[in-house]
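*Asks:* Listed here are the chains, written in short residue letters.
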Amino acid sequence: MSLSIIKPGLLDTIQDMGRYGYSSWGINPGGVMDSYAARVANMLVGNEPGEAVMEIHFPGAQLLFEQNALISITGADFTPTLNDNEPVSTWRPIVVRRNTLLHFPKWQYGSRCYLAVHGGFCVPRWLNSYSTNLKAGAGGYQGRRLEKGDEVPFKENSIYFAGLLKESREYQPLNWRVDTGKTYQLPHEILFTIGNEWTQLTHTSQREMLDNNFIIHPFSDRMGYQLRGVALQQQHPAELVSTGVSFGTIQLLPDGQLILLMADHQTTGGYPRIGHVISSQLPKLAQLRPSDSIHFSMVDMPTAEQLLFSQEHELSIIQRACHDHLNQLVC
Amino acid sequence: MNQLPDIYPMGDGAVTIDLGNRLSETLNGKVLAMQDWLQQNSFEGLKDIITAYSSLTILYDPVLIKSHYRPPRTVFEWVRERVAVAYRQSAASATSTPVKHRIPVYYGAENGGDLESLARQKQLTPEEVVRLHTARVYRVYMIGFLPGFSYLAEVDELIALPRKEKPVMVAPGSVGIAGSQTGIYPFACPGGWNIIGRTPLQLFNAQSKNPVLLKAGDEVEFYEL
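Those protein sequence lines, which keep their order, are chains A and B.
For reference, each letter of the first sequence is one residue, going 1 to 331 in this note's numbering.
For reference, each letter of the second sequence is one residue, going 1 to 225 in this note's numbering.
Keep in mind the hints are simulated off the structure, nothing from the lab.
Be a bit skeptical, because a hint or two may be false.
Simulated coverage check for chain A against chain B, where a stretch passes if three residues somewhere in it have a Cβ under 8 Å from a Cβ of chain B [said to hold, decoys possible]:
1) 62-75
2) 246-257
3) 261-270
4) 305-317
Small disclaimer: the values here were computed from a predicted structure and weren't measured.
From the three backbone atoms N, C-alpha and C, an ideal C-beta is built for every residue, glycine too.
Extracted from the complex, chain B is given alone in its bound form (with noise of 0.2 Å):
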C-alpha cells in the first residue's frame, strides 16, 4: 500500500484512480471501500463518484473547492491529494456483508434468442450452456452504461463468448453474455451481448426510493424458471 497507484486528471472537474486495468475481485474490494471511505469523509464540491471495475473517479466541482479550501496550486491538485488520501486510509475491500439475490431466467427461445448460436459456437447443447451459467455465484463488479445495468463476472470459460459485431434491440430483463461477463438489461435498448435468456425481475424502478435492483458488491446466483 505504500505505492500509489495512477492518479490522473479526466478534464478539469473528474479525477480518476486506477488500481490495475483489470478484473479482480480484489481491486473491486478496494474500489468499493474507497466509495464508502468518501461517503463517510466528504468534502466541499465532491459532486459524485463512479466506481467501475478497477478504478474510482471523482467529480468534482472545481469553483466550490476554490473557494473553500483555497488550495495553494491547481484545484486537480488537491483532488489528486484527497485521492491520495482515501487510497491510503481506506481499508482493503469494503465492510458491508454482500447482498445475495437469486434471479429466476426463462433460458432460451424467443426469450434468449443467441443461446443456440451461442451453444453451438462453445459445441455445446443450450441445456449445457444454461446448466454452466446457472452454476456460479456472480460477483456484481460495477453497475454503468445504463441506470442499473450490471456487469457480472466471471463465467465459466466454455460459455464466454465476445459481443456481438452488431448491437440489435433488446427486451427489458434479458440477461446476456459478453467475453467473461454476464449482465441484466433493465431496459429495452440496442445492445451487443449474446442474449441467452430473460428475467421477469425489474431492474430498474424509477418510482421506488431504492431504484435500482442490484449494487456494486452484491452477489447474483441465476436459476432456470
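The shape of chain A in the complex, shown without the other chains (with noise of 0.2 Å):
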C-alpha cells in the first residue's frame, strides 16, 4: 500500500497548501512552490485540493508503486515514463498497476513537477500541515526530504480507481488532460504591486528595476531567488527594524541586488520591501530555473485581484471538469 523510493531524486519532498498559524513562533507556512500545478495534481485525481503532493525537482527520483493507483504529474516536465516505456503526458490522470516504475529520464521544461495519488499520501500532519519544513526537521515524511528505501504509503481509499485498470496494461493515461490557460503564459513577465520601501529607490531606480531584465542566480532555492541585474540605490538608507514579509516579497539588499522570497522564506526580514510578486503569479515564478531572466511589470491593487479570482475561477472550473469525468467512469 505505497510508493517507494528506488533512487532518490535532487530534492523531492511531501508538500500541501502550506501551515498558516504559528507565524509569530518564526514556522513559515512553506508548501508547495506552485500551488496551481499541485491543486491541479490533485483534482485530476478526485482529491481535495489541499491534499499531500509529492514535489519533485529535476532530476527527479525513480519511484516504485506498489499497489495499483491513480495518479497524476503536473507542473514541470521532466518526461515522466513508465516502465521504460514511452514518456507519458502530464495534466492528466493515469491508472498504474502494482510494480509500476515512474522515473524521469529528461528535463523539457520547468522548475519543479507534482505527483498525486487518489486518496491522497499518508503522513501524520505536524501542526494541521504535511508540508515538510526542512529547518524544522517536521512535517512531510519524517521532516526530510526522501530518499533511497522510503516507502510513502497511501490512505486506504486509494484503491478505489484500481477497477479501471484494463487487464492486459500495465499502466492507462485516462482520455482527458487539463490545458492551464493563462497560468504560465509569459513565463518572464512577472506583474508586482509595490511594496513600503519602493518610494525609498531613487526615481532612476525605479525605472531601472521595471527597464531591465533580472537573472536568477544558481544559488536560488525553495528559500529565495537571488536575482543578479543593475544594481538599485536607495535615496537615503535607512535602518528597518525587522517586520513580516511573505512569499513573493522582492527586498532589495544591502549591495544593491534583489531578493524574491519563495515558499520557504523566513517569517520576517529587515531589508527593504520594494515589491511583491503578485499570488496568480507565483505558479510561472516557481516554474522559472538559474540563469532565467525575469522583467518586472507594475500592477496596481484591483488588476491584482483581478488577475486572482480569475484564476481562481478557472480553477473551479478544472475541479468541476475533473470530478464529472471520474464519476462517469465509475457510474
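Need the complex rebuilt from these two chains, each delivered in its own frame; the hints are there to steer you.
*Replies:* This is the structure:
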C-alpha cells in the first residue's frame, strides 16, 4: 500500500498548501512552490485541492508503485516515463498497475513537478499541515527529503479507481487533460505591486527596475531567488527593524541586488521591501530556473486581485470538470 | 489613538500595520494586544498573523474574503479597515502576565567563541561581559527568522556590538548579541550574531504540543552555569 523510492532525486518532499497560523512562532507557511500545479494534480485524481502531493525537482526520483493507483503528474515536464516505455503526458490522470516504475529521464520544461495519488499520501500532519519544514525537521515524510528505501504509504481509499485498469495494461492514461490556460504564459513577465519601501528607491532605480531584466542566480532555492542585475540605489538608506515578509516579497539587499522570497522564506526580515509578486504569478515564477531572466511590470491592487479571481475561477471550472469525468467513469 | 498608524499592503495577500519602526516596549505591547484581539475577533480568510518589533502583518485569502463578505471595492481595502478596527478596539498592551524564563548558559570557551573578541572590542573582561549579560531581565520582542528564534532586548550598551560581517555555522542553543539585541539559536545554522555562550535547554521541540519555548511578550533572565 505504498510507493517506494528506488533512487532519490535532487530534492523530493511531501508538501501541501502550507502551514498557516504559526508565523508568530517563527514557523513559516512553507508548502508547495507552485500551488496551481499542485492543486490541479489533486483535482485530476479526485482529491481535495489541499491533499499532500510530492514535489519533485530535476533530476527526479525513481519511484516504484507497490499497489495499483490513480496518479497525476503536473507542473514541470521532466519527461515522466512508466516502466521504461514511452513518456506519459503531464496534466492527465493515469491508472498504474502494481510494480510500475516511474522515472524522469529528461528535463523538458520548468523547475518542479507534482505527483498526486488518488486518496493522498498517508503521512502524519504536523501543526495542521503535511508540508515538510526542512529547517525544523518536521512535517511531511519524517521532516526531511525523500531518500532511497523510503516507503510513502497511501491512504486506504487509494484503491478505489484501480478497477479502471484494463486487464492487459501496465498503465493507462485516461482520456482527458487539463489545459493550463493563461497561468504559465509569458513566463518571464512577472507582475508585482509596489512595496512599502518602493519610494525609498531613487527615481532612476525605480525606472531601472522596470526597464531591465534580472537573472535568477544559481544559489536560488525554495527559500528565495537571488537576482542579478543593475544595482538599485536608495535615496536615503534607513535602518529598518525586522517586519513580516511573505511569499513573493522582493527585498533589496545592501549591495543593491534583489532577492525574491519563495515558499520556504523566513517569517520576518529587515531589508527594504520594494515590491511583491502578485499571487496569481507565483506559480509561473516557481517554474523558472537559474539563469532564466525576469522582467518586472507594475500593476495596481484592483488588477492584482482581478487576476487572482479569474485564475481561481478557472481552477473551479477545472475542479468541476475533473469531478464529472471521474464520476462518469465509475458510475 | 485617534490618528491611525501606517497600514499598507504587502502584495495582494497581506497587510501590515506599522506602529513606528523602532524598538519600544509600548509599541511591542500594542502589537501583541492587536494579535490577541484579532485572534478573538477573527474573520473568514484570516490565515496567519506575523508579529514583529513594532508591526503586525496579516496574511489573508482574498478569494475566501471576496466570496464571504463581498467587499464593495478591493479586498485589500476591506482588510485594511478590519486592521484599523483592531487597532482602535484592542487594549494598549497584552493583558496576559508575561511568562518568566530563567535560562542557564555555559559562557565562553568552545560554547561562546566570540566572547573574548567581544570583550576585547568593548574593552571589558569576559567576566564583565557575562556579568552585564546576566544582570538584566530581557523582553522577548518577537520570534522570527527560524522556528523559535527569539529576539530579546535590550542589552547594556557596554556590550552591544554589531553583527559579524560574514555568517558562520553556529551550534543549537548558541546565545548571541547583535546590536542591542540578544537571542538564542534553536538550531545549527549560519548566523551572524556574536556568540558568547550556549544553553543546554531545548528551544524548539517539534514533537511537543507546544514546540516553541519562548513566545513574544515573555521575559528571559540568563544565569551562568
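*Asks:* Next step is simple, just say for each hint if it's right about the structure.
*Replies:* Checked hints:
1. 62-75: violated (count 0)
2. 246-257: holds (count 3)
3. 261-270: holds (count 3)
4. 305-317: holds (count 4)
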